[in-house]
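Visitor: Single-letter residue listing:
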Amino acid sequence: MSDLVDDKLRNYRTAPFDARFPNTNQTRNCFQNYLDFHRCNKALSAKDQDTAPCQWFQKVYKSLCPVTWVEKWDEQVEAGNFPGKL
Amino acid sequence: MAYPSMLGFQDATSPIMEELLHFHDHAMIIVTLISSFVFYTITMMVITKLTYKSMLDSQEMEMVWTALPALILTMVALPSLRILYLMDELNFPNLTVKAVGHQWYWSYEYTDFEQLNFDSYMIPTQDLTPGQFRLLDTDNRMVVPVNSPIRVMVTADDVLHSWATPSLGIKLDAVPGRLNQTALMTSRPGVFYGQCSEICGANHSFMPIVVESIPLDHFEYWTHSMLNNA
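Top to bottom, those sequences are chains A and B.
In terms of this note's numbering, the first sequence opens at residue 1 and continues consecutively.
In terms of this note's numbering, the second sequence opens at residue 1 and continues consecutively.
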């Protein structure tokens, strides 16, 4: 299972097509992957498991989201006032 | 690229733009035929000396001038819809580039692997070197590998802008807080110019877009050199 995850991470080129977001507006795609990364980290660390699979979400949001958005959200997460549910 | 007294489109660089060009030719022929026919008919009706005073109706004529336009419209609509759906095909990109509009320059981000981002300002007219194009050339170009499907994400940092490159058949609004996606595929290497297409303040006309399409190994060399020089 972790081999599959490692393979996917190693062969990563760019964010693949996500059928949940088929249209031109990809704002939610970027935001959802950011949320999923943080939620995945939180869930797996709570169970004391390896958080390597969460890197997929990080790769995708880093590909899709503008740098300024990510920096702003990171600051908000750190300050504890991030508007999304993590 | 554009040149003075230009009448038609720029040469197509992407498959979609080629389709659009051919569709435009097709629609233009139909429009020209209809216009010439109408102009001829009106002219003949105006200059004729013949009269027919017992005109009442003509069911056959009504049938013809209803069915024929419907057929002509179908002949325009079907190729048009075909291109519309072609534009929506999945293109399975190899690379994602983000174009962010600012007042008054574009910045490009290549963040699939390393964090490469840079600004692209128009070269002021007084700083142009021989061979460069006034109001079109920029200090840094958006470089992409040729013949490769690419995802372009367009957004803005402050006000509305629009990322347009006519040769690639792309125009996509840059809206603050929104991420618009389009597919890009350059069929040949070269340099392709465009301009900001949404009014955004004093220097709206002075924030052009330059896309440079090069072979993949040269692209990898370019990304390395940009990362090292940053």
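Hints listed in this document are in silico derivations from the structure and should not be mistaken for laboratory results.
Positions of the beta carbon are idealized from the N, C-alpha and C atoms, including for glycine.
Treat the hints with care, as some may be off.
[As the list claims (entries may be wrong)] Just some of the chain B residues that point at chain A, by a computed CB distance under 8 Å:
#1 82
#2 87
#3 100
#4 103
#5 111
#6 116
#7 117
#8 118
#9 128
#10 179
#11 188
[Unchecked claim] Stretch by stretch, here's where chain A covers chain B in the computed footprint (C-beta under 8 Å, at least three residues):
#12 38–47
#13 151–165
#14 180–187
Visitor: If you test the structure against every hint from before, which numbers come out violated?
Guide: Hint check: 1, 2, 4, 6, 8, 9, 11 and 12 fail, others pass.
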